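Quick note, the sequences are listed as chains A and B, same order. Note that the numbering used here gives residue 279 to position 279 of the first sequence, counting from 1, and the numbers run on in steps of one. Note that the numbering used here gives residue 268 to position 268 of the second sequence, counting from 1, and the numbers run on in steps of one.
Don't take each hint at face value.
Across the chosen pairs, the derived CB separations fall in these ranges [claimed, not checked]:
(1) A:94 <-> B:247: 47 to 53 Å
(2) A:187 <-> B:267: 47 to 53 Å
(3) A:139 <-> B:274: 41 to 47 Å
(4) B:4 <-> A:135: 44 to 50 Å
(5) A:124 <-> B:42: 40 to 46 Å
(6) A:95 <-> B:40: 47 to 53 Å
(7) A:137 <-> B:227: 37 to 43 Å
(8) A:113 <-> B:86: 35 to 41 Å
(9) A:209 <-> B:277: 52 to 58 Å
(10) B:183 <-> A:1: 42 to 48 Å
(11) B:139 <-> A:85: 34 to 40 Å
(12) B:221 <-> A:113: 46 to 52 Å
(13) B:87 <-> A:187: 29 to 35 Å
Reference listing, derived: stretches of chain B covered by chain A, where coverage requires no fewer than 3 residues with Cβ under 8 Å from a Cβ of chain A [what the hints assert, rightly or not]:
(14) 10 to 21
(15) 61 to 75
(16) 262 to 271
Which chain A residues face chain B? A few, computed with CB under 8 Å, are given here [stated by the list, open to error]:
(17) 8
(18) 9
(19) 62
(20) 64
(21) 67
(22) 254
(23) 255
(24) 257
(25) 263
FYI, nobody ran anything at the bench for these hints, they're computed from the structure. Note that the coordinates shown come from a computational prediction; the quantities given were computed from them, not determined experimentally. The beta-carbon is built from N, C-alpha and C at its ideal position, and this holds for glycine as well.
There are 2 protein chains.
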Amino acid sequence: MRQIEHIKESGGWLNRYTHDSACCHCEMTFSVYLPPAASTRKVPALYFLSGLTCTDDNVRVKAGAQRYAAALGIALVMPDTSPRGEGVADDPDRYDLGQGAGFYINATCEPWASHYQMYDYVTRELPALVEAELPLIPGLKSITGHSMGGHGALICAFKNPGAYQSVSAFAPICNPVNCGWGEGCLSAYLGDDREAWNAWDATALVKAGAKPLPLLIDQGTGDEFLAEQLHPRALVDACLERNIPIQFRMQEDYDHSYHFIASFIGEHLAFHARHLQSD
Amino acid sequence: MRQIEHIKESGGWLNRYTHDSACCHCEMTFSVYLPPAASTRKVPALYFLSGLTCTDDNVRVKAGAQRYAAALGIALVMPDTSPRGEGVADDPDRYDLGQGAGFYINATCEPWASHYQMYDYVTRELPALVEAELPLIPGLKSITGHSMGGHGALICAFKNPGAYQSVSAFAPICNPVNCGWGEGCLSAYLGDDREAWNAWDATALVKAGAKPLPLLIDQGTGDEFLAEQLHPRALVDACLERNIPIQFRMQEDYDHSYHFIASFIGEHLAFHARHLQSD
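All chains, please: the whole structure from these sequences, using the hints.
In structure tokens, the structure reads:
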């Protein structure tokens with residue numbers, strides 16, 4: 001784990017690292033924000049999974065999360081959205097497949113399977129690495145994300161009962177097996193057996209019996225991808241069917257951008273902080 | 001004045017406009033954030049002048065100012081850093097001269113003088129336009145900025161007694177007549193008579209008798225441009241010499257980036273809000 005940036009922000013430190021990923025078989029980059037409290041004790045962590053086309057850089061520059069993390073004493077762990085590099089499969093003509101579009105799943109089909117193991121990466125390899133190297137309380141973590149990363153946060157939480165104290169999402173892809181973005185990635189990474197896709201679909205996981213955990217979702221009514229790609233109603237219906245507590249908030253007029261995330265990131269941090277208290 | 005973007009943020013609206021500038025003789029772009037209060041009444045305005053290479057977009061995406069403006073009921077007016085366009089003089093090999101580097105002065109030398117009238121633009125044309133077209137309280141405004149824009153904020157305030165309620169700056173160029181960035185722009189835009197440059201230098205203006213107003217400056221000790229370009233000591237010394245109240249804060253380890261701005265923008269908004277109360 002090599003530190004490549006070290007920037008003071010809101011009293012803490014925004015660091016960027018590279019390391020050789022055993023899961024993804026390539027060099028991976030990620031950022032961590034350590035709040036001021038981390039200089040004297042270990043702190044809990046909130047993972048933020050980003051959306052299509054993003055790297056770890058978008059959220060740290062645009063979301064304005066660091067000031068809340070500083071005040072609440074929570075670290076932010078911000079992974080990349082896919083494996084990267086010259087030897088890594090890609091579809092350079094598409095923004096929604098390949099590099100920048102890992103979809104937080106474990107690919108089973110080549111040429112993707114050799115590197116696209118983002119689910120194992122964000123749920124296992126990265127937590128083990130940062131908990132060993134940084135002042136984080138082992139195992140005390142929550143997860144959030146935006147769009148494709150909101151999907152990622154939801155499936156990571158639903159597939160790992162007990163691993164996350166809480167989960168939230170901004171405009172998540174709630175039912176990827178039934179939208180263009182999801183179908184494009186799942187068919188490439190997993191093949192044509194749609195039954196196999198359900199293991200990576202938040203709505204299908206809830207229907208199949210996922211264990212409840214504190215769950216907050218914000219969705220803008222002015223989101224340009226709401227009708228075609230996000231399908232929050234499918235997830236809300238599945239939660240209601242199983243009597244799973246969900247806080248689902250339609251936010252009037254907000255779009256899909258980081259201006260939407262910036263508007264509510266403070267409330268998401270406060271939500272996770274309530275579930276990350278270690279005392 | 002043509003609205004080209006309209007994005008909900010923190011309960012208010014982040015709008016972007018273009019218009020044909022009479023000062024700059026070209027189409028200019030700027031952004032305005034209107035807080036929720038502006039839907040029912042007129043509000044005061046804080047102008048934010050950006051630094052070298054920036055447009056109006058950097059601050060609205062990276063500074064995290066909108067949430068504070070929303071809470072405090074203050075509009076943010078975010079102009080571009082120079083005239084732009086095919087017919088506008090430029091030095092495409094340099095980031096610190098020409099387009100993106102207007103320096104908030106009125107150029108007197110060609111080929112710059114035809115368009116580079118950014119001082120008149122930000123102090124006269126733009127306020128008149130937005131006060132006529134948007135729910136802003138006429139004449140009730142303050143000003144801030146970053147780096148070259150911090151210099152801009154300081155000279156706009158010092159050269160216009162009574163026009164701004166308060167001024168602040170992040171890592172401003174405090175004495176441009178004595179640094180590379182300043183000398184490069186001032187010699188091109190104003191010619192070789194260094195005496196004429198002093199009318200556009202915050203330190204020189206203070207020495208020459210500028211009227212005090214509430215003044216806050218933040219500067220990071222880890223700023224990579226501190227030693228060569230910014231020279232805050234010259235301005236602080238000039239203020240102390242004249243017994244002008246200044247809040248000057250050296251902030252340990254912070255660099256020149258928007259991560260520094262984001263760390264203190266809330267305190268700057270609160271500072272200006274205290275001086276923008278209209279009740």
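Residue hint residue 257 of chain A, partner chain B, criterion CB-CB below 8 Å: holds, 6 Å
CB-CB spacing for residue 86 of chain B and residue 113 of chain A relative to the 35 to 41 Å hint: violated, 49 Å
8 Å C-beta test of the segment 10 to 21 of chain B against chain A, three or more residues: holds (count 3)
Interface hint for residue 263 of chain A, Cβ within 8 Å of any Cβ on chain B: Holds, about 5 Å.
Satisfaction of the hinted span 37 to 43 Å by the C-beta atoms belonging to residue 137 of chain A and residue 227 of chain B: holds, 40 Å
Given hint residue 254 of chain A near chain B, where the shortest CB pair must fall under 8 Å: holds, 5 Å
Verdict for residue 95 of chain A, residue 40 of chain B (Cβ pair) under range 47 to 53 Å: violated, 41 Å
Status of the residue 9 of chain A interface restraint (C-beta, 8 Å, chain B): holds, 4 Å
Coverage claim, chain A over the segment 61 to 75 of chain B, checked by counting residues with Cβ within 8 Å (three needed): The restraint on the segment 61 to 75 of chain B holds, since 5 of its residues have a Cβ under 8 Å from chain A and three suffice.
Residue 124 of chain A versus residue 42 of chain B beta-carbon gap, inside 40 to 46 Å or not: violated, 55 Å
Cβ distance range 47 to 53 Å for residue 187 of chain A and residue 267 of chain B, holds or violated: holds, 51 Å
Cβ separation of residue 221 of chain B and residue 113 of chain A, checked against the hinted range 46 to 52 Å: holds, 49 Å
Violation of the numbered hints given earlier is confined to hints 5, 6, 8, 11 and 13; the remaining hints are satisfied by the structure.
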